[in-house]
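Enquirer: Here are the chains, one letter per residue:
2 protein chains.
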Amino acid sequence: MNAITDTFSGAAVSTRANVYFDGKCVSHSLTLPDGTRKSVGVILPATLTFNTGAPEIMEGVAGHCEVLLPGEQVWRRYGPGERFAVPGNASFQIRVDGEPYHYICHFG
Amino acid sequence: MNAITDTFSGAAVSTRANVYFDGKCVSHSLTLPDGTRKSVGVILPATLTFNTGAPEIMEGVAGHCEVLLPGEQVWRRYGPGERFAVPGNASFQIRVDGEPYHYICHFG
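Going down the list, the sequences are from chains A and B. Note that the first sequence covers residues 1 to 108 in the UniProt record's numbering. Note that the second sequence covers residues 1 to 108 in the UniProt record's numbering.
Next comes chain A alone, as it looks inside the complex (with noise of 0.2 Å):
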């Protein structure tokens, strides 16, 4: 078992939302006291296509999503507390079927 981040203390939340593909993502930008900046957000079902500008690692926090990372052949399926990490400049699929997919986006 995995465990989960529930919370971060001490953000700085941006209150506007971020939102992508007709509102089927939508997060909130956050900077933590260090200075690292990260987005919680969620994935209701569709399969998306996304594009990273810089690289990305992707933690759940509920639900779960099959991801077909650039350059692989197979779709690999991630739940609460798991991590997966995309490279910067990249495209990658992510699709959510049911119940939505809550994650965390670490950035760089």
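Note that these hints are calculated values from the structure, not bench results. All figures in this text were calculated on a predicted structure; none of them were measured in a lab. Don't take each hint at face value.
Derived, one-sided and incomplete: chain B residues facing chain A with beta-carbon distance under 8 Å [as the list claims (entries may be wrong)]:
#, residue
1, T7
2, S9
3, A11
4, V13
5, S14
6, R16
7, A17
8, V19
9, L30
10, S39
11, V40
12, V42
13, N51
14, V61
15, P100
16, H102
Beta carbons: idealized from backbone N, C-alpha and C, even for Gly.
Dock chain B against the given chain A, drawing on the hints supplied.
Expert: Chain B only, in chain A's frame:
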């Protein structure tokens, strides 16, 4: 012109989103250093009926909404920096057309 609250500082942020109405409304809950609870959220184009527990003050961050408060006959339009109050244990309607409505919800 109304001042817009663009950031909350020092907040404890729940990483799991609140997802209402199949994702037409998504928010994240915050607790500020003084213990007050708020949420930051977004409503996508839809007409929704919300039920309150505690009284709420809604504050716009971006986009617009129209609101029909309990006992009122007229829909009122609110935008960035504008607030409206909803009594506790009440039901109210909110509708959003076009661009998402980003908001802060102040409780109690």
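Enquirer: If a hint holds in the structure, say so; if it doesn't, say that too.
Expert: Evaluation of the provided hints:
1. Hint status for B/T7 relative to chain A: holds, with the closest Cβ pair at about 5 Å, below 8 Å.
2. The beta carbon of B/S9 comes within 5 Å of a beta carbon in chain A, closer than 8 Å, and the hint placing it at the interface holds.
3. Against a cut-off of 8 Å between C-beta atoms, the interface hint on B/A11 holds, since the closest Cβ of chain A lies about 5 Å away.
4. A cut of 8 Å between beta carbons decides the hint on B/V13: the least distance to chain A is about 5 Å, and the hint holds.
5. Below 8 Å, beta-carbon pairs count as interface contacts, and B/S14 has one with chain A at about 6 Å; its hint therefore holds.
6. Annotation: B/R16 was flagged as interfacial toward chain A, and the flag holds, the nearest CB pair being 5 Å apart, inside 8 Å.
7. With 8 Å as the threshold, the beta carbon of B/A17 comes within range of chain A, its nearest partner Cβ sitting at about 4 Å, so the hint holds.
8. For B/V19, the shortest C-beta to C-beta distance to chain A is roughly 5 Å, which falls under 8 Å, so the interface hint holds.
9. Interface hint status for B/L30: upheld, as the beta-carbon distance to the closest one in chain A is roughly 6 Å, under 8 Å.
10. Because the smallest distance between the Cβ of B/S39 and any Cβ of chain A comes to about 10 Å, over 8 Å, the interface hint for this residue is violated.
11. With its C-beta approaching chain A no nearer than about 5 Å, B/V40 sits inside the 8 Å limit, and its interface hint holds.
12. A hinted interface residue such as B/V42 counts as satisfied when its beta carbon comes closer than 8 Å to some beta carbon of chain A; here the least separation is about 4 Å, so the hint holds.
13. Below 8 Å, beta-carbon pairs count as interface contacts, and B/N51 has none with chain A, the closest being about 21 Å; its hint is therefore violated.
14. Contact between B/V61 and chain A, as hinted, is supported at the beta carbon level, the nearest pair being about 5 Å apart and thus within 8 Å.
15. Among the interface hints, the one on B/P100 holds; its C-beta lies about 5 Å from the nearest C-beta in chain A, closer than the 8 Å criterion.
16. With a least beta-carbon distance of about 5 Å to chain A, the hint placing B/H102 at the interface is held under the 8 Å criterion.
Going through the hint list in order, the structure does not satisfy hints 10 and 13.
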